[in-house]
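Working from the sequences, and respecting the hints, build out all of it.
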Amino acid sequence: MTSAGVRATARIAATADGRGGTALPVLEGEGPIALRRTRAAGSEARVMLVGAMSGPLGGDHFTVEATAHEGARLHVGSAAATIALPGQAKGAARYDVRLTVADGAELHWLPEQLISACDSELQVGTRVELAAGARLVLREEQVLGRAGEGPGRLTSRLSVRRAGRLLLDQELACGPGAPGGWDGPAVLAGHRSVGQLAVVKPEFEREMPRAALLGEFAAITPLAGPGLLVTAVAPDARHLRRVLDEAARTLG
Amino acid sequence: MHLDHSLSSSHSHHGPSAISADAHRPDGSRRALRIGLGGPVGSGKTATVAALCHALRDELSLAVVTNDIYTREDAEFLLREAVLPPERIAAVETGACPHTAIRDDISANLEAVEDLEDEVGPLDLILVESGGDNLTATFSKGLVDAQIFVIDVAGGDDIPRKGGPGVTTADLLVVNKTDLAPYVGSDLGRMAADAKAQRAELPVVFQSLRGDKGVAAVADWVRGQLAAWRAR
Amino acid sequence: MTRAALLVLADGRFPAGGHAHSGGAEAAVKAGRITDAASLEEFCRGRLHTAGLVSAALAAAAALGLDPVELDEAAEARTPSPALRTAARRLGRQMMRAARATWPHPELDALARLFPKGAHQPVVLGVAARAAGLGPADAAYCSAYESVSGAATATVRLLSLDPFDATGVLARLAPELDRVALAAADAARRAVDEGVDALPARSAPLLEIGAEAHAAWAVRLFAS
Numbered sequence: 001m002t003s004a005g006v007r008a009t010a011r012i013a014a015t016a017d018g019r020g021g022t023a024l025p026v027l028e029g030e031g032p033i034a035l036r037r038t039r040a041a042g043s044e045a046r047v048m049l050v051g052a053m054s055g056p057l058g059g060d061h062f063t064v065e066a067t068a069h070e071g072a073r074l075h076v077g078s079a080a081a082t083i084a085l086p087g088q089a090k091g092a093a094r095y096d097v098r099l100t101v102a103d104g105a106e107l108h109w110l111p112e113q114l115i116s117a118c119d120s121e122l123q124v125g126t127r128v129e130l131a132a133g134a135r136l137v138l139r140e141e142q143v144l145g146r147a148g149e150g151p152g153r154l155t156s157r158l159s160v161r162r163a164g165r166l167l168l169d170q171e172l173a174c175g176p177g178a179p180g181g182w183d184g185p186a187v188l189a190g191h192r193s194v195g196q197l198a199v200v201k202p203e204f205e206r207e208m209p210r211a212a213l214l215g216e217f218a219a220i221t222p223l224a225g226p227g228l229l230v231t232a233v234a235p236d237a238r239h240l241r242r243v244l245d246e247a248a249r250t251l252g
Numbered sequence: 253m254h255l256d257h258s259l260s261s262s263h264s265h266h267g268p269s270a271i272s273a274d275a276h277r278p279d280g281s282r283r284a285l286r287i288g289l290g291g292p293v294g295s296g297k298t299a300t301v302a303a304l305c306h307a308l309r310d311e312l313s314l315a316v317v318t319n320d321i322y323t324r325e326d327a328e329f330l331l332r333e334a335v336l337p338p339e340r341i342a343a344v345e346t347g348a349c350p351h352t353a354i355r356d357d358i359s360a361n362l363e364a365v366e367d368l369e370d371e372v373g374p375l376d377l378i379l380v381e382s383g384g385d386n387l388t389a390t391f392s393k394g395l396v397d398a399q400i401f402v403i404d405v406a407g408g409d410d411i412p413r414k415g416g417p418g419v420t421t422a423d424l425l426v427v428n429k430t431d432l433a434p435y436v437g438s439d440l441g442r443m444a445a446d447a448k449a450q451r452a453e454l455p456v457v458f459q460s461l462r463g464d465k466g467v468a469a470v471a472d473w474v475r476g477q478l479a480a481w482r483a484r
Numbered sequence: 485m486t487r488a489a490l491l492v493l494a495d496g497r498f499p500a501g502g503h504a505h506s507g508g509a510e511a512a513v514k515a516g517r518i519t520d521a522a523s524l525e526e527f528c529r530g531r532l533h534t535a536g537l538v539s540a541a542l543a544a545a546a547a548l549g550l551d552p553v554e555l556d557e558a559a560e561a562r563t564p565s566p567a568l569r570t571a572a573r574r575l576g577r578q579m580m581r582a583a584r585a586t587w588p589h590p591e592l593d594a595l596a597r598l599f600p601k602g603a604h605q606p607v608v609l610g611v612a613a614r615a616a617g618l619g620p621a622d623a624a625y626c627s628a629y630e631s632v633s634g635a636a637t638a639t640v641r642l643l644s645l646d647p648f649d650a651t652g653v654l655a656r657l658a659p660e661l662d663r664v665a666l667a668a669a670d671a672a673r674r675a676v677d678e679g680v681d682a683l684p685a686r687s688a689p690l691l692e693i694g695a696e697a698h699a700a701w702a703v704r705l706f707a708s
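Protein chains in written order, with this note's numbering: chain A, 1 to 252; chain B, 253 to 484; chain C, 485 to 708.
Errors might be hidden in some of the hints.
What the hints assert, rightly or not - Derived DEER-like restraints, expressed as beta-carbon distance ranges:
#1 C:Arg-656 to B:Glu-453: 50 to 60 Å
#2 A:Gly-145 to C:Ala-700: 26 to 36 Å
#3 A:Glu-28 to C:Asp-662: 42 to 52 Å
#4 C:Lys-514 to A:Asp-103: 40 to 50 Å
#5 C:Pro-590 to A:Gly-18: 52 to 62 Å
#6 A:Pro-235 to C:Asp-646: 42 to 52 Å
Everything labelled a hint here was simulated from the structure, so no lab data went into it. Owing to the predicted nature of the structure, the values given are computational and were not obtained by experimental measurement. Using N, Cα and C, we set each Cβ at its ideal position, and we do this for glycine too.
See below:
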């Protein structure tokens, strides 16, 4: 028996509240994706993505849309790791993230890891649209398989546009059935965690941080516009987080 | 999106940069004379380049391109010796094959000489030094206007007799380190006779950079080449 | 025009600077990730399906006549490592010189004017293929093959690997090379209607990280 899978869209909109803080006029979860406002930190509004059930399963299509309007400061995290699992429905699961940040606004998109469980199949598409004066800190971490199991098939594409210009476009494809060599010496070389931290801010137009290595398996790379990308591979989620946290500290 | 794109709408008064051996730069001015220095490892190419820079830098605007096996070593030597300001020394990376970069695929070297002319020009002379290689390594005519092949007496006094493209066809053959000849048992007379047999009328200079005259004879030859280039 | 022009363009001796670059193999050899023909093959396979696919699609799109400025921007966004962007532009400039001498064409001249210090190499390669009368699939084949042949040749020099073993690696990759070249050409055709976002963006984290490590070495044999 097959079913169509679950479609669900969650929406967040953040605006400056006119008193130096950030309001959340839109905070709509749907189905398995619940949103919770947590305690604000200074002028920043904080939202937690709460997975009401584990997912996405095969055939599911989840979408999260978050917009930080002019002057807003929005921080989005998640309560726990997201686990891609095999499902009853045919085909891959999809998880789309659409992020929009206006001039003078700031978005920190810092969810917990995405775990690609054995036999799952998930396509993640993260698209970020930034105005010229927008600020972004975005972290993505992929873990290939739960403890003691092999990975599922995962395809994850991250693209960032700034002021209408493409700044970053990267896709990672891994797991059984992915094009060959994904676990070989050019791509992951047996590492089971891979992550990226993207930082974009207008100050980088004046002064870009220099390229730097963080050990043997991570690098800070300035992009062709006012942004940079930290790329890291690690044996597990804990090591990966430590490297990305260190990078975040280095970058202030 | 591709109907009215940048290739069809681009206009410029300047042509794109020159392709290889053209004697003129894109703006129509005459480019610098390019002289290549090749020869086996350890024969004294870099020392000769350093000495030429000392001898000529007050009378000419000059720059150097190095082609090392290990990326920047020769360039670093020239920088340490402070023979020229750093912006006048460029290093070309050669992928473990310095002869390829000066003969078969000269594109990286052409870019280096053009960039030097753009950035520190106008230049009278650019010396292009090959990484130490074997006796068959010669410069492409697309890259240099004249070439010097540097061998040394300690490498064996039979090298001129053995010939090879470098010894036979270089515009100038330099036999270096003549001061060592008594210690290594090399017969300078025999080397001169063999070189004459291989090269007919092409010039040969016997040189010791430690001697009184140093690089003077080679520097004079370079001045002659430059005069001929300017008269062309 | 002639299909044989593809042989000229794809020849490892085509004087466009490729000989000085290892395609990340020098860094992988030093890190101990390439030690023999088997690990070279896995390296090349991973490179083919990531950087190889991306560059093949860019080349095919340029050969189809898509705007090279947009394609160059797409190439920048797909290359986070500044060391790799520099290498791609340097090689693009060298390819431009060789192509203009080989197949003089007003589109090559115009591209040289737009990017005097070099556009990304696959973009120049695609316009060169166009100037030579070749099609998008030809350009994709050439770029995909280049993405692995350079690494194989470099590894022969770096490890003194048996050259027959290295050539065997390339031969075994041939069926995958077919698939990558055709997928790249398909994506390029989609990009005509859908824009350059339809082009693949497949990445290889260790190629990017390794390229930054390599660029910081004081002593190396290859430029990238």
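Hint by hint, here is what the structure shows:
no.: 1; hint: C:Arg-656 to B:Glu-453: 50 to 60 Å; in the structure: holds (56 Å)
no.: 2; hint: A:Gly-145 to C:Ala-700: 26 to 36 Å; in the structure: holds (33 Å)
no.: 3; hint: A:Glu-28 to C:Asp-662: 42 to 52 Å; in the structure: holds (48 Å)
no.: 4; hint: C:Lys-514 to A:Asp-103: 40 to 50 Å; in the structure: holds (45 Å)
no.: 5; hint: C:Pro-590 to A:Gly-18: 52 to 62 Å; in the structure: holds (57 Å)
no.: 6; hint: A:Pro-235 to C:Asp-646: 42 to 52 Å; in the structure: violated (33 Å)
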